[in-house]
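Using numbering that gives the first Met the number 0, read the sequence shown as starting at 0 and increasing by one per residue.
Derived by calculation from the structure, the hints in this document are not laboratory data.
Even for Gly, the Cβ is constructed at its ideal location relative to N, Cα and C.
Heads up, some of the hints might be wrong.
Derived DEER-like restraints, expressed as beta-carbon distance ranges [said to hold, decoys possible]:
hint, residue 1, residue 2, range
1, Glu89, Leu125, 39 to 47 angstroms
2, Asp8, Gln42, 37 to 45 angstroms
3, Ile106, Gln34, 53 to 61 angstroms
4, His104, Val78, 48 to 56 angstroms
5, Phe83, Leu125, 35 to 43 angstroms
6, Lys107, Ile59, 28 to 36 angstroms
7, Lys61, Asp92, 40 to 48 angstroms
8, Asn56, Tyr109, 29 to 37 angstroms
9, Leu41, Lys61, 29 to 37 angstroms
10, Arg39, Lys61, 30 to 38 angstroms
11, Ile123, Gly103, 30 to 38 angstroms
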Amino acid sequence: MSPYRIVFDKTYHLPIEIEHRACWIVKQCNLAYDQAGKQRKLQLQELEELHLEAYNNSRIYKQKLITSKLHSKWDGTFVITHVFPYGVVELKDENTNNTFQVNGHQIKLYHEGPPLTVAEMESISLMEPAPPDDSP
């Protein structure tokens with residue numbers, strides 16, 4: 000047993016051993032460049048195929064979604080019939096008189112009526128007025 004092992008409780012590696020091991024790994028990697036290149040190209044092709052398949056699947060899903068009831072459920076204006084606690088709101092469709100509950104965060108406000116004209120608008124100046132002159 001060496002004194003280094005007694006003191007540090009591990010074996011001592013000479014720098015030559017580490018350099019030899021590193022040289023062996025570099026040689027092994029240099030021999031496998033062609034094989035690694037082919038493997039990487041194959042992986043990239045498989046990834047591209049998966050990407051195209053996912054794109055086609057999402058396109059098919061969106062086409063089905065257009066004809067489903069989700070698309071037509073949110074078209075048009077609705078009237079709020081009841082407001083429940085915790086932000087739940089009951090809406091009534093004016094066309095079909097169906098009622099359903101939704102989260103209040105999903106509702107957009109709609110202000111009915113004609114748009115205001117320039118004569119009906121009021122302008123407010125945010126600048127401070129100049130103090131009056133006290134000269135006689």
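Hint by hint, here is what the structure shows:
no., hint, in the structure
1, Glu89 to Leu125: 39 to 47 angstroms, "holds, 41 angstroms"
2, Asp8 to Gln42: 37 to 45 angstroms, "holds, 43 angstroms"
3, Ile106 to Gln34: 53 to 61 angstroms, "holds, 60 angstroms"
4, His104 to Val78: 48 to 56 angstroms, "violated, 18 angstroms"
5, Phe83 to Leu125: 35 to 43 angstroms, "holds, 40 angstroms"
6, Lys107 to Ile59: 28 to 36 angstroms, "holds, 30 angstroms"
7, Lys61 to Asp92: 40 to 48 angstroms, "violated, 24 angstroms"
8, Asn56 to Tyr109: 29 to 37 angstroms, "holds, 36 angstroms"
9, Leu41 to Lys61: 29 to 37 angstroms, "holds, 31 angstroms"
10, Arg39 to Lys61: 30 to 38 angstroms, "holds, 33 angstroms"
11, Ile123 to Gly103: 30 to 38 angstroms, "holds, 31 angstroms"
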